[in-house]
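Asker: Put chain B on the given structure of chain A with help from the hints.
In case you want the letters, here they are:
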Amino acid sequence: MIGAANKNVQLHPKRKMGFFKTLGRQYQLALMSVPMLLYVFLFNYFPMWGWLVSFEKFKPKQGALNSKWVGLENFEWLFGRADFINAIRNTLAMSVINLIFGTLSSILLAVLLNEVRSRFFKRTVQTVTYLPHFLSMVIVVGMAQNMFSADGTINNLLISAGIISPENKIFWLGEKTLFWPLVGVINIWKEVGWNSIIYISTMTSIDPTLYEAASIDGAGRFRRILHVTLPGIKSTFVVLLIMNIGHLMEAGFEIQYLMENALVKEYSQTIDVFSLRYGISSGEYGIATASGMFKSIVAIFLLFGANFIAKKLDEDTLI
Amino acid sequence: MPYAEKAVKAKTPLKGQPRKQKEPIKLESFSDLIKYIKNFFFEIKKRDIVFPLINGIILCLLMFITLYPVINTVAISFNDGIDALRGNIGLWPRMFSTKAYSDLLTDPLIYSAFFISVSRTVITTILNLLTTSMLAYALSRKEYVLRKFITTAMVLTMYVNAGLIPNYLLITDTLNLDKSFWVYIIPTMFSCFNMIVIRTYINGLPEALSESARIDGAGDFRIFWRIIFPLCMPVLATVALFVAVGSWNQWFDTQLYNGGKKNLHTLQYLLKMKLATSMNQANKANATADAMAQAANTTPITMRCAITVVSALPILLVYPFLQRYFVTGMVLGGVKG
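Here the protein sequences come in this chain order: A and B. If you count the first sequence from 1, position 285 lands on 285 in this note's numbering, and the numbers rise without skipping. When you read off a place in the second sequence, starting at 1, and then add 1000, the result is the number in this note's numbering.
Chain A on its own, in the form it takes in the complex (with noise of 0.2 Å):
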């Protein structure tokens, strides 16, 4: 009898329909998805439009298709520019320290927490370490100033370690070679629970057996960790990685335009930050969509070529 009833109630139906047919039957599917699908196109695709601005005089007033046409002026302008390199420069910098150092604290984390065997203690880990993860960038910098300012508490541990001299405190926050790594480190903090997660949970999808097998032919428990826990989170590792680069050019912006000041501007400022000052500061729209535009060209091919690499490595694909 269902066999029969399935019958009527054909999900693939076998004969092909035409497609403004299907679509007519599926119209409650469509009236879920066509409404969000117009909302992404006014509020992702629509506004790439606004990037015709990089190649014009932008004047609000006159709107972007009377404003004067001045060609590839504004990226000329903006590559003469040693700030925008600069920015460039910053960027890529703390994206690619933030993509090394945690990526390997995530992993070295979640390695750590793989090898507790009390249920509660790893919980407990796990609860504390995801927690700066949903503190917003203002209170962890706000944090960040208690921690690095000159009475700060990482000036004292210093101080009572003999370190430094009481004398010539570090001013962390205001030295513009060490701006990298402290962005570095109050991400590593921030982040590092969350990211440890996947990795986490891909250990416990480790078969056990195979721990078993490596105790047997003697492995101790490092061994067991480089050849059996690190080889398991190989692969998420890779797709990581590979979706990372996709990312590369996006070094964050709340981060470095929250702890910039005048000393450490040349080091601190991203393209981002770079675009805000110019289009929305200084009116200067041009020059402004011009920088981000570059950035999400770059950004494509970045993707566009992970994704091939991710092809020929045999992973999944990301689009």
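Keep in mind the hints are simulated off the structure, nothing from the lab. These numbers come from a predicted model, not from an experiment. Glycine residues also receive a C-beta, built at the ideal position from the N, C-alpha and C atoms. Take the hints with a grain of salt, since some may be wrong.
Stretch-level coverage of chain B by chain A, calculated; a stretch enters the list once three of its residues show a Cβ under 8 Å from a Cβ in chain A [to be verified]:
id	region
1	1049-1058
2	1090-1101
3	1147-1157
In silico DSS-like pairs for lysine-lysine, Cα to Cα no more than 30 Å straight-line [unchecked claim]:
id	chain 1	residue 1	chain 2	residue 2
4	B	Lys1274	A	Lys176
5	A	Lys59	B	Lys1179
6	A	Lys21	B	Lys1148
7	A	Lys234	A	Lys312
8	B	Lys1142	A	Lys312
9	A	Lys59	B	Lys1261
10	A	Lys169	B	Lys1274
11	B	Lys1099	B	Lys1261
12	B	Lys1262	B	Lys1274
13	B	Lys1274	B	Lys1099
14	A	Lys21	B	Lys1142
15	B	Lys1099	A	Lys265
16	B	Lys1261	B	Lys1274
17	B	Lys1262	A	Lys59
18	B	Lys1262	B	Lys1099
19	A	Lys312	B	Lys1148
20	A	Lys68	A	Lys57
21	B	Lys1179	B	Lys1274
22	A	Lys169	A	Lys265
23	B	Lys1148	A	Lys61
24	A	Lys311	A	Lys234
25	B	Lys1261	A	Lys61
26	B	Lys1179	B	Lys1099
27	A	Lys61	B	Lys1262
28	A	Lys311	B	Lys1142
29	A	Lys265	B	Lys1274
30	B	Lys1148	A	Lys311
31	B	Lys1179	A	Lys57
Anything over 12 Å on all C-beta distances counts as not near chain B; from chain A, calculated [unchecked claim]:
id	residue
32	Ala30
33	Lys57
34	Val96
35	Pro132
36	Ala161
37	Ile206
38	Phe308
39	Ile309
40	Lys311
Answerer: Just chain B, lined up with the frame of chain A:
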């Protein structure tokens, strides 16, 4: 074959070894002592307690490092303002005072900011959950003809965006959403990542549920609302947490679009403004002298910490209850679609 042999080899001597080999150790000579120490380390190695011990210490240290700045901020916020400028406050206030909080709570701006923050978070979360889960359901139906196209269009938004200025122009020029409350709601109604998380969860539900409803004549709306939506509660809790936290923590849209409208400021934006002033102070070469001079009338550090505590409190309160959901949600959503 060699594998089995090895296993046998490894096991037999262990079994053959009599456990009670130890003799009571007499510490009579130096060599006895050496023997004793050696034996001690051998015992430790055999029982495998060194690594768990070190591991535990490292993880405890990590927890301490994670929590220290949070507790430190709370401690500073409860400290006396002028005293706090001397720095060096650890986990406990040195001179207890609630002045920062009483100052904060007499400021009418904080109430409106709190109200705006709460309402934007609640409205965004509800709308987001409805639209995103509905879309996720539609895109989980394999027979849906537009599935591939819409999925691709959605996933691409995770990687490509028009950039700051075109978005700014869209919202201010084209849509005229700036200087209004709706700029907090409308542009943030969709997130592709959350959609993928929900869709993955729906894909994991047994197909028979929706199929039997379909046989009984239910349309997709009814299937979604009556069957899928209630079953998705665990993953929806996760996504709700993500969305709510994201909305609550947002400050940049306030700065961009509503910077001039005081009645639309959010808590995070108030905090950001406090942070900016203290950031400038902290980095002047004569920072301490300057701050001391200011301390007579204002207490920027304690005040800032008090706002930090107020704006972090809702998250800290909600987070532990939702925590058990989001790990599964995250893992189910995986890294990609």
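Asker: Hey, Lys265 of chain A versus Lys1274 of chain B, does the alpha-carbon distance stay inside 30 Å?
Answerer: It holds: about 20 Å lies between the C-alpha atoms, which stays within 30 Å.
Asker: Does the no-contact call for Ala161 of chain A survive, Cβ to all of chain B over 12 Å?
Answerer: 15 Å, holds
Asker: Just to be careful, I want the Cα atoms of Lys1262 of chain B and Lys1099 of chain B compared with a cutoff of 30 Å; is the pair within it?
Answerer: Roughly 24 Å between the alpha carbons, so the hint for Lys1262 of chain B and Lys1099 of chain B holds.
Asker: Measure nothing beyond the straight line between the CA atoms of Lys1262 of chain B and Lys59 of chain A; if it is 30 Å or shorter, mark the hint as holding.
Answerer: 28 Å, holds
Asker: Measure nothing beyond the straight line between the CA atoms of Lys1148 of chain B and Lys61 of chain A; if it is 30 Å or shorter, mark the hint as holding.
Answerer: 41 Å, violated
Asker: Just to be careful, I want the Cα atoms of Lys61 of chain A and Lys1262 of chain B compared with a cutoff of 30 Å; is the pair within it?
Answerer: 26 Å, holds
Asker: Below or equal to 30 Å on CA atoms is what counts here, so check Lys1099 of chain B against Lys1261 of chain B.
Answerer: 28 Å, holds
Asker: Quickly compare the C-alpha distance for Lys234 of chain A and Lys312 of chain A to 30 Å and report which way the hint goes.
Answerer: This hinted pair holds, its Cα atoms lying about 16 Å apart.
Asker: For Lys1274 of chain B and Lys176 of chain A, compute the direct alpha-carbon distance and say whether it is at most 30 Å.
Answerer: Roughly 23 Å separates the two Cα atoms, so the pair holds.
Asker: Does Lys57 of chain A sit within 30 Å of Lys68 of chain A, going by the straight-line distance between their CA atoms?
Answerer: Cα-Cα ~5 Å, so holds.
Asker: Compare the distance between the alpha carbons of Lys1142 of chain B and Lys312 of chain A with 30 Å, and conclude whether the hinted pair is satisfied.
Answerer: Since the Cα atoms of Lys1142 of chain B and Lys312 of chain A sit roughly 28 Å apart, the hinted pair holds (cutoff 30 Å).
Asker: With a cut-off of 30 Å on the C-alpha distance, tell me whether Lys59 of chain A and Lys1179 of chain B pass.
Answerer: 21 Å, holds
Against the hints set out earlier in the document, violations occur for numbers 2, 15, 23, 26, 32 and 35.
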